[in-house]
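2 protein chains.
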Amino acid sequence: MSPESEAAAPKRRRGGGRRGAADRRGSAVIEQMPWKIPYNTDAPTEPLTPEGVEAVHDGAMRILEEIGIEILNAEALEIFRKAGCTISGENVRMGRDMVLEYVAMAPSEWTLTPRNPDRTLPVGGNAMIFGNVSSPPNYWDMSLGTKVAGTREQCANLMRLTQYFNCIHFAGGYPVEPVDIHASVRHLDVMYDKLCITDKVVHTYSLGKERVEDTMEMVRIAGGLTHEEFDATPRMYTNINSTSPLKHDIPMLDGWMRMARRRQGLVVTPFTLAGAMAPVTMSGAVAQSLAEGLIAVVLAQIISPGAPCAIGTFTSNVDMKSGAPAFGTPEYMRATQMTGQMARFYGLPMRASGVCAANVPDGQAMWETSNSLWSAVQSGTNMVYHAAGWLEGGLIASPEKFIMDCEILQMIQRYFDPDICKTGPDEIALDAIAEVGNDGHFFGIQHTQDRYQTAFYQPFVSDWRNYEAWESAGGVQTPERAHHLFRQIIDTFEEPPLDVAIKEELAAFVAMRKEEGGAPTDF
Amino acid sequence: MSPESEAAAPKRRRGGGRRGAADRRGSAVIEQMPWKIPYNTDAPTEPLTPEGVEAVHDGAMRILEEIGIEILNAEALEIFRKAGCTISGENVRMGRDMVLEYVAMAPSEWTLTPRNPDRTLPVGGNAMIFGNVSSPPNYWDMSLGTKVAGTREQCANLMRLTQYFNCIHFAGGYPVEPVDIHASVRHLDVMYDKLCITDKVVHTYSLGKERVEDTMEMVRIAGGLTHEEFDATPRMYTNINSTSPLKHDIPMLDGWMRMARRRQGLVVTPFTLAGAMAPVTMSGAVAQSLAEGLIAVVLAQIISPGAPCAIGTFTSNVDMKSGAPAFGTPEYMRATQMTGQMARFYGLPMRASGVCAANVPDGQAMWETSNSLWSAVQSGTNMVYHAAGWLEGGLIASPEKFIMDCEILQMIQRYFDPDICKTGPDEIALDAIAEVGNDGHFFGIQHTQDRYQTAFYQPFVSDWRNYEAWESAGGVQTPERAHHLFRQIIDTFEEPPLDVAIKEELAAFVAMRKEEGGAPTDF
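Those sequence lines, one after another, are chains A and B.
Numbering of the first sequence is given in the numbering used here, commencing with residue 994 and proceeding in unit increments.
Numbering of the second sequence is given in the numbering used here, commencing with residue 994 and proceeding in unit increments.
In case anyone wonders, no lab produced these hints; they're calculated from the structure.
None of the hints are false.
The list treats identical chains as one, so a pair stands whether inside a single copy or across any two.
Keeping only pairs whose Cα atoms sit at most 30 angstroms apart, straight-line, the calculated DSS-like set for lysine-lysine is:
1) Lys-1240 with Lys-1314
2) Lys-1496 with Lys-1029
3) Lys-1314 with Lys-1415
4) Lys-1507 with Lys-1496
5) Lys-1240 with Lys-1202
6) Lys-1415 with Lys-1240
7) Lys-1314 with Lys-1029
8) Lys-1202 with Lys-1075
9) Lys-1029 with Lys-1415
10) Lys-1075 with Lys-1240
Based on the sequences and whatever the hints tell you, model everything.
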């Protein structure tokens, strides 16, 4: 290959690359990867020995047998009583045989089917799905430059990002809490927005009877489903947190039981910060988290045997200097991996998170988030909450962080592409190596031409230009590039199709429930 | 535990934590982790099936058997000829039996002993050691705000960081190329600086006879060693790159052979960018990299059976839009993991890198670097080059990036601490869980008090405060915090002890060699 043809070849490929990729990916603002369920083919990282697994299991079982969990919800307490648990006041204890018998009823794999069935999600097995940041009360973006209380508009914009990015598989809770909507009707307005803006799987908060019943009804309407159809397979999911240590509160269990009866997706995630709400030792924190989680799984199975459950981990550590929660730490990673081993031991799908302690989308934010996301991969996590947009230990949602995180999520999706590690004759490519010899370049050869459009991951917010090209284009750093993309995506966003009659029915339901006063706000 | 005592407890711990940690870590500027060799206890991630390993091996062998490698160094060519290889011009071919016979002579584990024997390093097995960025021609720091050509002072400052941080185990090549020193004597001045500033293992460039001989002599002097003592065990190491595709040049092989004869550490790292200097398919790029690397190992073993070798990977991909190299990509991660499998197949220690394409130490820099560092962990890499301070695909060294990377390296070191995953009765902590019950806090209990000083990783550049505390302290983002630490570390840096007579002998050697004209600069 002559120097001349070498110089010419990249030009041809550049043009071709852009056209080809746009055809393949079809997006106005960025060339993103197509919608796809990633399957985690890596053997999980297992820091616990078999004896360690038994020790953590034994710890969790002894917590349930000897110490017990406080169940503040009277209805749940009565269900546990009838099932044969030992009740003392609000303290519930049960033998490990009973725990294992009920946990075994929970399926190890299940699905979530949203209003667009093309977006149906597998939960469990090797599937790994990602959802947006949920529940921060505050919002930060570069145009504001400071932390502000969340609004409905910010919440809607973050849901537009959720819909836009193919690497986000499900919509979590409120991507930012819209505190400009009264709490009594917030669930109605946000669920309406959510069901219009996205056709992906949605979440509901287990915050008492009215919110759960209202949002189940809205998801049913949005899907154009009968009640029987809604109940037949999980259409949405909830996530509850225990009040660690060793306590489940009234509204969360209420929602949990309502969702269990209708066989919707059930995720329980104790918030066990080691050294604060759990032992300072990570295996103890994991054992406690499991005990708190498993009792909720047992409750769901008593009510509705076979109800789809997943066990979550939010075990991290506090900063012992300040008491502040820390995320993406080595201890967090190991706790996530240990919980993965235990989830497989119990045959339950697992949920973890993409989290950080950093306050702004800078270097620290990205190494902490990388640590948490890679530990999700290493642990065999199935559902990754907060996978995009999380800052300040979950107190801030940021669109720039959302977009930066999506680059990592796309890379994880590509990382799982088995094509990268193919070793057939075409990939070992002896003929190509012989053709180029020791004095040429692989740019121009047919073996490269046939593959260059799909051979490598193509980033959308990373800047791979050299310093001079980057500087002469303004020297724009990552968060600012992400901010620019955020504006473009929002400006050109188009809602997914939704039948007009369904939209009207949803609006009418919201209006009716508002007239009725929405949900009580006394908790 | 009463609310009052809860409030009081964190204050006591904060004070105690600082004192305790300072005692334990003993550092003026930051509380860093102690010097320690991390051992990687994770099972490696293995994307290749056993058949895949055989296919990549077969590819590498067929390259050596059928296509051959161009050996530009006449002395090396003669050695290969005498050993029975098929020579055609400068093309060298050999059968797989010969390759495997010689590769089997290379030890799977060896050591590197610097002038301070307390800093002796294991190479191979489960040990994982980290070195600083090497060889960027340019430098960037926040006070400059732009990219500039490297100087001796910048080079020395980066070596001070190398010495300062316990998580950096070995000194690589020039952490930035000091272009203000003439190339003929650069190796003399920098090696003098290096041997004064650091007592850790040092590297030398294989850039022709004089540089290698001069620097071996200087390392011998610095260690107070006889020639026999120097030759008895590896005291330093070199790294050579092939001129991919399929070529080894004159000066690098010259240095390689000189180092082999004196049984110093030998690392060969082909620079095989898929789609440019290697096939666009990753397994082909890995096979080619192995062929280029293994022929150097064979050369070393012919010259000096049992010489300590390691095989490096620098297989990544180019950006097919611009031709620019990309780092920390999914393809990079998988290539590193595949090479790890192959290094174990051949029984050789492995070298990888901590790398990124980003131009400044922002979010992109940290997710790319995190990807590359975690793939080093996943692949079972033994030596991690460029683990701190690398930007712009290796064209820029940055002290801020250096310090930010050291936070990740410390976290990896802590991640390997088996204490995190202990599952004895003290760690499962049933008594502590029973003691706290469902209405308390683990902050104040004895189980926590006994462990909080060492229970969790403590960061030095991460800011774990909440947004308000962070903002009121100036809202300083990660690179600026790193810059501040950089200044403090340099301002208070103290060189490790070095005998005055040795220092004088080193200075005299440098002066003599300068009078003699240093090294030729005609290549």
